[in-house]
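Residues per chain, in single letters:
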Amino acid sequence: MWEFLIPLFAATVQSGTPILYATLGEMMTEKGGVLNLGVEGMMAVSALAAFWVSYSTGSPWLGFLAGGFAGMVMASVHAFVCVSCLGNQVVSGLALTILGGGLTHFLGVPYVGLAAPGFDPFDFPLLSRIPFLGEIFFKHDMLVYVSFIIPFLFWFFFRRTSLGLHVTATGEMPAAAAAAGLKPIRLRYFAVIAGGFLIGLGGAYLSLAYTHLWTNGLSGGRGWIAVALVIFAFWRPGRAVVGAYLFGGVMAFQLRLQAVGTHLPSSLLLMLPYLLTILVLILSAWRGRRIDAPAALGTNIEPEG
Amino acid sequence: MLKIKKRDEPWKWGALVVFLGALLFSLLVSGLLLAGQGKDPMQGLAVLWQGSFGSVWGLGDVLLKSIPLFLCSLGVAVAFRMQIWNIGAEGQFALGAIGATWMALSFPDLPRIVLMPLMFGMAFILGGIWAMIPALLKLKLRVNEIISTLMLNYIAILFLDYLVFGVWKDPASFGFPMTPEFSANAVIPAIAGGRVHWGIVFCAVVGVGLWAFMRFTRLGFELQASGEGARVAKYAKIRYGMLVLFVMGLSGGFAGWAGCVETSAVLNRLQPSLMVGYGYTAIVVAWLARLEPLNIAFASILLAALRVGVESLQIRLQVPAAFGVIMEGMILLTVLAGQFFLTYKLGRGTKQE
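Top line first, the protein sequences correspond to chains D and H. By my numbering, the letter at position 242 of the first sequence is numbered 242, and the numbering carries on one by one without gaps. By my numbering, the letter at position 127 of the second sequence is numbered 127, and the numbering carries on one by one without gaps.
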């Protein structure tokens, strides 16, 4: 029993990690009042950027940062279109996903099948020796350990720093925030671009730790799952962790079932994460907590005059 | 100091100017991308143009590819008009193809005049039902339709895979995932022996039908009135829920028809290569066309031409097919950004505050 469950839980943490980064990134963006449906495309582009930098410099850490940077660049486009040009947030995000998918398939051609230096799992000193928990949480790569800290930083940023409070204010009532002397436009740019950095880290995880190879279609719907998880998490980092590991669990479980060779056709097993996404949305809607959404989410700030 | 001013009256040719500007900008960036890959951008653009508009063969291909784009985009636009974000045309397209195949494989010997309506009917029903699931979830449980329609795309494509790898697989296909070829009665014939098939006439009928429906019927009027959202609909005493279901059913049905036409007239069987992203391109088309049926016809032809042009770019200059997708995304982003100038203008002004 435990021989099956412990590796499964460990795999859950690993496949939940990129989703966790992306979910927190989207949550950051939405806290500022901007919906970004480009996560799927941003993750793809940053996975490629991370792979490319790690491949050409030999440094996975530089690759990791490059992934975050690529996410920021894509996010800036979204911010420019929505915040400055008042473009429709839904359509701009979709366009970003289309663009990102195209860019990775176009620029990634020479790298398909190549391997880059990435992050390998190691036993975390001391903590990995804790029974059960050590096996599940502390025998991973460095990026998983980094992802343990980020939800706390996220929480701290929004609850304890004035910048975090200001971002929340622009997501709730940009007009009131402006009246109070804040700069809602700048704060929105900040939220979208900082969120883009986190989403980019999620993408980087895919090519540097999840696989060390470049293949097309690495994001595989994880970006959309992240968007759904923000709703499921009621815009709270703690619940984002739960949601990300829930999906990680289903993905790991589904892979294991395929490996064992069940009689179920693989195409039906592959449906599981997508079905779960819909189920998760139903569950969160059923609890009736949509009031937790930033009040100005999805609406642009109209200029005066 | 530049100042943003709201325009007193709408900019008359603004939409066209913005569209052309976006096209030009995207071509420029695409040219840079080509140059970055060590290819001559001018030659690339020439190949792009010649491939789609330079020959009768190319033109035929453009029209052929514009058919599914037009139908999917019409469906998407109907939903967008009511501010329902149906991003699920891709999956509804797949379900339509499955419905048509189901009928074609079940009754191969029926005369064409009976079998064709069966195929189109089942494609419409399955595509429509696939779109009504997220509509119901939205109405009853307030589930975000953007994500539910998208997830249903993934599920529909996997279901199609399941069918062609499993129960519907042609025993004589040497292991390839595809159904047996349709009987002649289940195939939409070509017009006068050319490349373009009768599906294009079907498109014209559907387009005019939808336009007349919106213009001359009470329901069509209610639909347009609800475009402002649920609250307005409620004031006008319109049963908003029924309207959402109806519109999503229609939207999915149109995409289903596109799937039916593609399987029947182009591939003559069901196989995974059917799914080339028409459903996603349809979103670009609908938005570029500002949701107007006639504009949708033009935008479908334009984006179909881009697809065809990129195919010859792929053959002649070894440019990856994804080049076209990049251009699609870029055109859409620049149009979105440019629409700012339809309502606002930049003028010299005294410093504010």
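Incorrect hints may appear among the rest.
[Unchecked claim] The calculated DSS-like cross-link candidates involving lysine-lysine, where the alpha carbons are at most 30 Å apart (straight line), are:
hint, chain 1, residue 1, chain 2, residue 2
1, D, Lys-183, H, Lys-6
2, D, Lys-183, H, Lys-12
3, H, Lys-345, D, Lys-183
[Said to hold, decoys possible] Non-contacting residues of chain D with respect to chain H, defined by C-beta distances greater than 12 Å in every case (computed):
hint, residue
4, Gln-14
5, His-105
6, Asp-141
7, Ile-150
8, Pro-151
9, Arg-239
10, Val-241
11, Tyr-245
12, Arg-256
13, Ser-266
14, Tyr-274
15, Trp-286
Don't read these hints as lab results, they were simulated from the structure. Predicted model only: the values in this text are computed from it and were never measured. Note that beta-carbon positions come from the ideal geometry of N, C-alpha and C, so glycine has one too.
Hints and how they fare:
1. Lys-183/D x Lys-6/H: Roughly 21 Å separates the two Cα atoms, so the pair holds.
2. Lys-183/D x Lys-12/H: Not OK: Lys-183/D and Lys-12/H at ~34 Å, beyond 30 Å, violated.
3. Lys-345/H x Lys-183/D: Holds, at about 22 Å.
4. Gln-14: Answer for Gln-14/D: holds, closest chain H Cβ roughly 22 Å.
5. His-105: violated (3 Å)
6. Asp-141: holds (28 Å)
7. Ile-150: It holds; Ile-150/D is separated from chain H by about 23 Å at its closest Cβ, greater than 12 Å.
8. Pro-151: Answer for Pro-151/D: holds, closest chain H Cβ roughly 22 Å.
9. Arg-239: With a cut-off of 12 Å, Arg-239/D remains clear of chain H, as the shortest Cβ separation is near 17 Å.
10. Val-241: holds (20 Å)
11. Tyr-245: About 19 Å separates Tyr-245/D from the closest Cβ of chain H, which puts it past 12 Å; holds.
12. Arg-256: holds (18 Å)
13. Ser-266: Non-interface label on Ser-266/D violated, nearest chain H Cβ at 9 Å vs cutoff 12 Å.
14. Tyr-274: violated (4 Å)
15. Trp-286: violated (6 Å)
Going down the numbered hints, you'll see the structure goes against 2, 5, 13, 14 and 15, while the others check out.
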